[in-house]
Structures are given as C-alpha cells and as structure tokens.
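Engineer: Each protein sequence line maps, in turn, to chains Z and D.
Position in the first sequence counted from 1, then plus 514, gives you this note's numbering.
Position in the second sequence counted from 1, then plus 514, gives you this note's numbering.
I should point out that these hints are in silico values taken from the structure, not numbers from a laboratory.
It cannot be assumed that every hint is accurate.
Since copy identity is lost for identical chains, a pair holds within one copy or between any two.
[Stated by the list, open to error] Derived EDC-like pairs: lysine to aspartate or glutamate, alpha-carbon spacing no greater than 20 Å straight-line:
| id | residue 1 | residue 2 |
| --- | --- | --- |
| 1 | K540 | D594 |
| 2 | K623 | E597 |
| 3 | K575 | E537 |
| 4 | K540 | D609 |
Given the structure is predicted, the values throughout are model-derived calculations rather than measurements.
Protein chains: 2
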Amino acid sequence: MTAIVVGYVPKAEGRAALRRAAEEAKLRGARLVVVNSSRGGRELDDDDAVRADAELAAVSKQLEEAGIEAQVRQLVRGMDVAEDLIAVAEEHSADFIVIGLRRRSPVGKLILGSNAQRILLDAPCPVLAVKAEDVD
Amino acid sequence: MTAIVVGYVPKAEGRAALRRAAEEAKLRGARLVVVNSSRGGRELDDDDAVRADAELAAVSKQLEEAGIEAQVRQLVRGMDVAEDLIAVAEEHSADFIVIGLRRRSPVGKLILGSNAQRILLDAPCPVLAVKAEDVD
C-alpha cells in the first residue's frame, strides 16, 4: 500500500494541505501519514501543546470517519520541519509529500519559505504544494 | 472532465514531469494538457525548432497509445514559461500543474529556479513538483 505524507500545522495552509492529501489518499487507496512537527522547547508552550493535541485528535477522527487509513505523528525531536517530513517520507517510501504554502510577508504576498524550498528540493519523492486559497 | 497541465521540455526533468503527469491523468481519468513553452526569437534556432516539433509529435503519439486524452500545445509567444503555464492552467481550470525541477548548479546541486518559484506561488491550483531522479 502506498503512502502519502502530509505536513500539518493547525493553520489555513496546513488544513488546505491535509484536505488535499486526504482526497489523494482516498483516490488511490493510499495510507495517509500526517506529520505535525515542532522543534519543541520555547517554540511550544503548554497551551500550544494542549491545543495541538486536541487538533490532532480531531484530525484523526475526521480521517477515520472519511474511511481513510491514517497515522498521525507528532514529532518533537528538535529537527526542522523539512528534515522531519523527508525522514518520514523515506521511512514510508512515500508516493509523494503534500505541503501547504503560506502567506508570510506583511502585505500577504506569498513567498517560498526555506522549509518549503528544502522539502521541494531534498525530498526523495515528488512534492505537491497547495496554497491555502486553493481550497479555502 | 478535469485537466492536468504539465510543463514539458525535452530534458530529463521535462520527461520526468510528463511521465508523472500521464500517470496522474490515467489514475483520475483527467485530460492532459502538455505545454511546451519557449520565448522564441534567438533562444530557438531552426534546428531546435525541428527537434522540438519531432519530440512533441512523439509525445502525442505515446500518450495516445497509452489511452490518455491529451492536447499538446507549443507556445511561442514571448512569455515566460511561468506565465504560459499559469495562463493555460486558468484556461482549463486545471486540477493541478506538474513541473519538473532540474539540477542547475555547476556541482549538480538542485536549486529552485525563478520560473519554478513563480509557478508554485502564482498558480491558481496546486503544483506537483517532480525531480528528474524521482523517476529516472
């Protein structure tokens, strides 16, 4: 069974990526591996951690209800998002990785962050890049 | 019927993109729109033009033999590849665009060219980025 790996953050771009990844998993009968990666430490306070847990539990439930075989992995091991996603994609011999692109500049202009660039270039498989406004 | 738009150049990364796009079109019963864009003028001498024509004819034949409904468009209208691909994706309300990423630096390091960045950011739909070595 092939696997699709998706980088998830509880933001518009993360939800857009997850939605598209779920559609693709359903279409090809693939397993979905949802990766929520954070570096831990000061980046993540207790409130954030509780919120993230609750959201990931909700995500798992939604996928199960949609009949998609999914595994939700929360990685807090001090690695960059790019490293985590690439490692998981290698581990599962992923068919492809889905990432969300986000608006980051003050005027809302979309720019390609360094993590997105590294995933696009270093991933062992194709990468599907979804913008929040593609589906929202 | 949904459409998948793929940027094609007669190089390893273009062939990788085309191969993947064809698989995706087959999987979802989508129409494939193959875009070969060049700016024309001095970039393209007569020999190149003849070679490009021959390759595109071969591509059309292969897709037809594979049972994929495809349209091959050779655009020479002085626009950037990014502009051409985005315009075609809009015209066809494409489900997604497939692009190939290429090794460009002297040591073969993969870098994200400006056209790839613009397509990823400005496309009206998700973009699947395929590296030549993903499938070659």
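Engineer: Could you figure out if K540 and D609 sit no more than 20 Å apart (CA to CA) within one copy, between two copies, both or neither?
Structural biologist: Close inside one copy (14 Å) and across copies (16 Å); limit 20 Å.
Engineer: Is the C-alpha distance from K623 to E597 at most 20 Å within one copy, between copies, in both cases, or in neither?
Structural biologist: between (26 Å within a copy, 18 Å between copies)
Engineer: Measure nothing new, just compare the shortest in-copy and cross-copy C-alpha distances for K575 and E537 to 20 Å and report within, between, both or neither.
Structural biologist: Only inside one copy: K575 and E537 sit 16 Å apart there, 31 Å across copies, limit 20 Å.
Engineer: State whether the alpha carbon distance between K540 and D594 is at most 20 Å within one copy, between copies, both, or neither.
Structural biologist: neither (28 Å within a copy, 35 Å between copies)
Checked against the numbered hints above, the structure violates only hint 1.
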